[in-house]
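Enquirer: Which chain is which? The protein sequence lines are R and W, in order. Just so it is clear: in the first sequence, position 42 is 232 by my numbering, and no numbers are missing. Just so it is clear: in the second sequence, position 205 is 1493 by my numbering, and no numbers are missing.
The set of hints was computed from the structure by calculation and includes no laboratory data. For every residue, glycine included, the Cβ atom is placed at its ideal position computed from N, Cα and C. Warning: the hint list may mix true and false statements.
Said to hold, decoys possible - In silico DSS-like links for lysine-lysine, alpha-carbon gap of 25 Å or less:
{"hint": "1", "chain 1": "W", "residue 1": "Lys1387", "chain 2": "R", "residue 2": "Lys265"}
{"hint": "2", "chain 1": "W", "residue 1": "Lys1550", "chain 2": "R", "residue 2": "Lys282"}
{"hint": "3", "chain 1": "R", "residue 1": "Lys203", "chain 2": "W", "residue 2": "Lys1593"}
{"hint": "4", "chain 1": "W", "residue 1": "Lys1372", "chain 2": "R", "residue 2": "Lys265"}
{"hint": "5", "chain 1": "W", "residue 1": "Lys1526", "chain 2": "R", "residue 2": "Lys216"}
{"hint": "6", "chain 1": "R", "residue 1": "Lys216", "chain 2": "W", "residue 2": "Lys1637"}
{"hint": "7", "chain 1": "R", "residue 1": "Lys265", "chain 2": "W", "residue 2": "Lys1526"}
{"hint": "8", "chain 1": "W", "residue 1": "Lys1593", "chain 2": "W", "residue 2": "Lys1550"}
{"hint": "9", "chain 1": "W", "residue 1": "Lys1555", "chain 2": "W", "residue 2": "Lys1526"}
What the hints assert, rightly or not - Partner residues aside, some chain W positions facing chain R, computed with beta carbon under 10 Å:
{"hint": "10", "residue": "Pro1525"}
{"hint": "11", "residue": "Gly1630"}
{"hint": "12", "residue": "Phe1643"}
{"hint": "13", "residue": "Val1673"}
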Amino acid sequence: MSIDRTTAARVAKLARIAVPEDALPKLADELNGILSFMEQLNEVDVEGVEPMTSVTPMALPQREDVVTDGDQQAKVLANAPDAREGFFAVPKVVE
Amino acid sequence: MSDLNKLGIAEARDAMRAGDVSAVELTEACLSAVDGAKTLNAFVHDTSEIARDQAKAADARIKSGDAPDMCGIPLGIKDLFCTKGVPGQAASRILEGFKPEYESTITTQLWDAGAVMLGKLNMDEFAMGSSNETSVYGDVINPWKIDDRNLTPGGSSGGSATAVAADLCLGATGTDTGGSIRQPAAFVGITGMKPTYGRCSRWGVVAFASSLDQAGPMTKSVRDAAIMLEAMSGHDPKDSTSANLAVPNFEAALSGDIKGKKIGIPKEYRMDGMPDEIEQLWADGTAMLKDAGAEIVDISLPHTKYALPAYYVVAPAEASSNLARYDGVRFGHRASLAQGDGITEMYEKTRAEGFGPEVQRRVMIGTYVLSAGFYDAYYNRARKVRTLIKKDFEDVFAQGVDAILTPATPSSAFGLGEMKDADPVQMYLNDVFTVTVNLAGLPGIAVPAGLDKQGLPLGLQLIGRPWEEGDLLNTAYVLEQAAGFVAKPEKWW
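Between the sequences and the hints, there should be enough to build the whole structure, so can you do that?
Expert: Okay, structure coming up:
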């Protein structure tokens, strides 16, 4: 598996990280280096092996479906780069 | 008493209870040590006012006779832990200015036990790194020095390692996703323990790879690790993977008797090109445990070789998902936008400015291995290999092995900047002995065991059965006593 410039650009887009055009070849190289390191995993016979979902055998705990928290608008917004009138403010999303 | 900052947790506890020392004196000694060690760049956010208030309260509590073990003990807290009203950035630009409105469960428990917060400690950005060179605060410097070079304290808990080794605090919190407690502990000659996955709550600790992350203590002795781990442990309903198990008295487990215990020596940890000194240290450690009455058995963990590549699929995959929350909307940094930029440009510019190169790399690798068409080939395959790695350990424990002895790191501390031009994979090899433990969710501890010929510390690692931290700490205690490591870095800062 090899990552070219186009794939590197696509991955950057999916990850929502702006990567300048001239940085794409180096990024592709680095990603290729890491991926070729991962290729070793193809040597392992994983036939019939379950993928791990939980490192400790445990059932996820359940609780009553009731409200346990809330009324913390000010705290929730306290760290926002732009909060107005009780909301998070963002650039225009729809035309 | 002079140099109070040089005390360990157990000694300080006993001295405070005996009335020989006050928490205020101890805290002042640490605060002036922190002040005099700015060069090391270990402490990055000062909380001396909080520390002084907590110390006064601790003294009152000790006088009244109601003092838990950690009461009055000055600690450093890794920047990954949210502490209410105190800046916490996970050493990242993207969390610039973030002041959590809440307190992590672990730090809540520590303050409830009377411990004192000296400040927040430097680390690799989002705990991604093995040399503390990816931090927005700059590199942390190892207090050990053998020539003109500044050495790395390891990572990601590099600030914690330096702070403890340089006696700026009595103990520090660390977190360990692939070796981030044990590798830096080994690089600076202190004890560092990662408990069983689920022993310590992850709530309020900035997430890197949730199925691997565990917090733990970094201390000057095994006894101190036992005391501090007990205060950090326990069930937390706010972390769905927190184990609902009683926390034993870990210090009481330190009997010093390991007669009849079976210690496994895994042949796969004998790596090609491993320095002779590490090989020798491992053999010496094995002999020490044998002399103490343990039975030494050769074991095989056949999938060891695949642990690092599996880790570098699973951890970035989880990181790409966890770090999706840093979008410039709810907290931290937002890039300034150009005319006409929409929300996508805001995300992309914010994350490009806010994340450093290593974090960007891992987020993108994670994005790639989770993307349509590659999910099965990489992510699912890695999770299957992870199952096999865990089974390797289960098999040897089923044969009656109580603990496994390995080197902690493949080398001693290297110079800051020396790996700058290396391939990222070269840096990842630092975790070759520690990462299996995270993949299998097991407890592991690094104990300082000797100096290499340059005069730098080397550590050994013990790996235990799940939930048997007490037994593991006891074996580590025997190793510590036998190794008799007392070397300290000479103060030059």
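Enquirer: Does each hint fit the structure? Answer for all of them.
Expert: Now the hints, each set against the structure:
no.: 1; hint: Lys1387/W with Lys265/R; in the structure: holds (10 Å)
no.: 2; hint: Lys1550/W with Lys282/R; in the structure: violated (65 Å)
no.: 3; hint: Lys203/R with Lys1593/W; in the structure: violated (33 Å)
no.: 4; hint: Lys1372/W with Lys265/R; in the structure: holds (11 Å)
no.: 5; hint: Lys1526/W with Lys216/R; in the structure: violated (42 Å)
no.: 6; hint: Lys216/R with Lys1637/W; in the structure: holds (19 Å)
no.: 7; hint: Lys265/R with Lys1526/W; in the structure: holds (18 Å)
no.: 8; hint: Lys1593/W with Lys1550/W; in the structure: holds (24 Å)
no.: 9; hint: Lys1555/W with Lys1526/W; in the structure: violated (40 Å)
no.: 10; hint: Pro1525; in the structure: holds (7 Å)
no.: 11; hint: Gly1630; in the structure: holds (5 Å)
no.: 12; hint: Phe1643; in the structure: holds (7 Å)
no.: 13; hint: Val1673; in the structure: holds (5 Å)
Violated hints, listed in ascending order, are 2, 3, 5 and 9; each of the other numbered hints is respected by the structure.
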